[in-house]
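Protein chains: 2
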Amino acid sequence: MRTLGDTHDTALLRRLNTRAILLALRQSGPQTLTQLARAAGLSRQTAEAALSDLTERGLAREVAPTEGRAGRPARRFTFRAEAGHVLGLDVGPRRILAMLADLNGDVIEERRLDADEHTPAAERLVLAERAATACVEAAGSARGGLWAAAAGTSGVVDRSGRVSVSTIVPGWTGLDLAGQVGRWFGCPGFAANDANLAAVAEHWRGSARHVDDLVYVLAGYRSGHGLLLDGRLRTGRTGSAGELGGLPLSGWEDSSVVLAEAGRDAAEIFEAAREGDEQALAVVDRLAHGIARGASALVLVVDPELVVVGGGFSRGGESLLARIRAHLAEMCLNPPEVTLSTFGEESIALGAVRMALDHVERERLGL
Amino acid sequence: MRTLGDTHDTALLRRLNTRAILLALRQSGPQTLTQLARAAGLSRQTAEAALSDLTERGLAREVAPTEGRAGRPARRFTFRAEAGHVLGLDVGPRRILAMLADLNGDVIEERRLDADEHTPAAERLVLAERAATACVEAAGSARGGLWAAAAGTSGVVDRSGRVSVSTIVPGWTGLDLAGQVGRWFGCPGFAANDANLAAVAEHWRGSARHVDDLVYVLAGYRSGHGLLLDGRLRTGRTGSAGELGGLPLSGWEDSSVVLAEAGRDAAEIFEAAREGDEQALAVVDRLAHGIARGASALVLVVDPELVVVGGGFSRGGESLLARIRAHLAEMCLNPPEVTLSTFGEESIALGAVRMALDHVERERLGL
DNA sequence: CTCAATTATGAGAAGACGCGACGTAAAGCT
DNA sequence: AGCTTTACGTCGCGTCTTCTCATAATTGAG
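From first to last, the protein sequence lines are chains A and B.
Residue numbers for the first sequence, in the working numbering: 1 to 367.
Residue numbers for the second sequence, in the working numbering: 1 to 367.
Do not rely on the hints blindly, as some may be mistaken.
Stated by the list, open to error - Derived Cβ-Cβ restraints for the label pairs, each shown as a range: (1) G251/B <-> G29/A: 58 to 66 Å; (2) D254/B <-> Q27/A: 49 to 57 Å; (3) E363/B <-> R38/A: 22 to 30 Å; (4) G245/A <-> G58/B: 51 to 59 Å; (5) Q279/A <-> T173/B: 38 to 46 Å; (6) G245/A <-> S319/B: 22 to 30 Å; (7) S250/B <-> E123/A: 38 to 46 Å; (8) E82/B <-> G245/A: 50 to 58 Å; (9) P120/A <-> R38/B: 54 to 62 Å; (10) E56/B <-> A70/A: 49 to 57 Å.
For the record, the hints were derived by calculation from the structure and aren't laboratory data.
The beta-carbon is built from N, C-alpha and C at its ideal position, and this holds for glycine as well.
Turn these sequences into a full structure, and let the hints guide you.
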């Protein structure tokens, strides 16, 4: 039955200590046995045992000792990030981006393919697979060598990684994206909503590095909200957390309407605004207002530490941000910080990488 | 430094196993050594060691063996719930409720005092202390014998347990409620928003027992929203999660306005509605609409498994609930279940009990 | 080139814990 | 009284961790 926790024999200690060493190992480059032991809070002997275990499993490697220092040279070990690879995919309405990363999450290969809004589902999937395969092959990794893969896409993606609602991408509704991606490479596959993955990426290495509660606003041709609480993605029961579709917010304008009225596309508007064009500034303000309106619902509900603005409009830069801040301050008693996305359009694929890594770390590294 | 986890010596095993035994012990009444060992997944010897440890700490007690069975009588142990007590307080605008509970969370004493909206802060605190002290003394427990105490109140309560905004209770803003409560009994003190604590109570033993993501709607003279995600209370950065004050929701009527227009109080309305009074039914529908409007924001943002409706209006019963469900279904694509609160007006104090117990379990029982 | 100083390694002993096994104790049943 | 049943309690073993100390490998000074 085992409902009250796992077995607690001495093997658990070994696992825990190996885990501590692995974490210490990944903190930085090659380290000596003593350094690792101290970092993990263990004795040198225990550290040694853990390292020999990790080395056997291919996760650690001994490297040449440093020269030029007095005393017996210390054995040095490093994390074998190349022991496995994960794939992150962004299958967007207009763009497909594949990233191959090692176990450190460092991106090794990257492929980008263009699509358009009308590309049918089957063809879009072929493009995605092509981009992904190109990455894997370029890295010289065997096709079956992937440890996990994840994909982000527009629309509501449920817990199992199936697209349950998609209004933008034709033929997407009902697609088992996670299963598809997993089948391509014979590895565990995952899928999530694009804004959610972008939030994950920003929290991992981007603007939201230092916070654990954040709202990500994807604003642009693709739009949506991502929610990260306690450092964990929150997609909700059906995966539609943050999808405000039905919320009757007064004065909530869709950006496409605003842009259509203005008769110019976003890039032109931002460019003109930068040059002081009054009409463009007004449009930027209306866009900011709409973004803030949507964000305010999330902010008031979860009271996050940070709002990260990403997506195409984030090219609007600080001027757009300033307007969003101003509008948000009007709507919230105690508004959170608002900042720009670090990774821009790469954040979705990067978040997918992180999602795949999460699985690998949990299941294969035992972290 | 110790950032990578605690020491992992064999003492950890002991702690973990003792914890497993403690959990098993609390699952039900007196159990034999063998039963406990099996439930915790440990050997009998280990279970025995853990139990002797727990007995020494006063958390377990050996009881008389069962008679009438063949074989050597088995030693039986039980959790000593009376080893400590916690206090839960609801300091509301119109009512003060104190509950004293043992370590099982079973309420032993309960005191209720009436106040009104105009009672000044100092006097309200005196009433609260009086109710609490009465509970403690009635239980024959020493005044210093409390292990933890928590209080719920209207308004925004920050992480530290300080009331940062209170519109209902006069003089409440700025009050360090957690500190106050702790000082009364010389024990750790906590405080939180009432709707949040109600959510905690419903999740603990009420309607939300079986789910981990829920939205609680406090509807009545006191109103507000409580948010529980992954079984944990979410109060946000400043404690104002779920406070929708500034959200420009179209068609969001305040219940007090609706009732004022109707010219009857809530109890009358619900009574009349039960008898089929058409005008009353219309008012109930308007109330339900308002409740659903507010709830919809939380539901769309976090996509919970369940919405629990509590507070004074929950006396409106199934008929109100049905209207709320109907309105919510219009606003959400995939509406969650909606159910009535189990504990009604007691849920806030009960949630406070749970909050105090959380601290005790974490810090004193090591769970 | 040699020797001291430095730094890390590796083996051995001791302590703590958990588990399986076996003999023993205490009850009911015949 | 003896048998059966059930659980207790002790013993020994293996694992894990840490401490200690002798040993090994390097640098740098004379």
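Handout entry: Violations among the numbered hints, reported as their numbers in ascending order
Key = As far as the earlier hints go, not one is violated by this structure.
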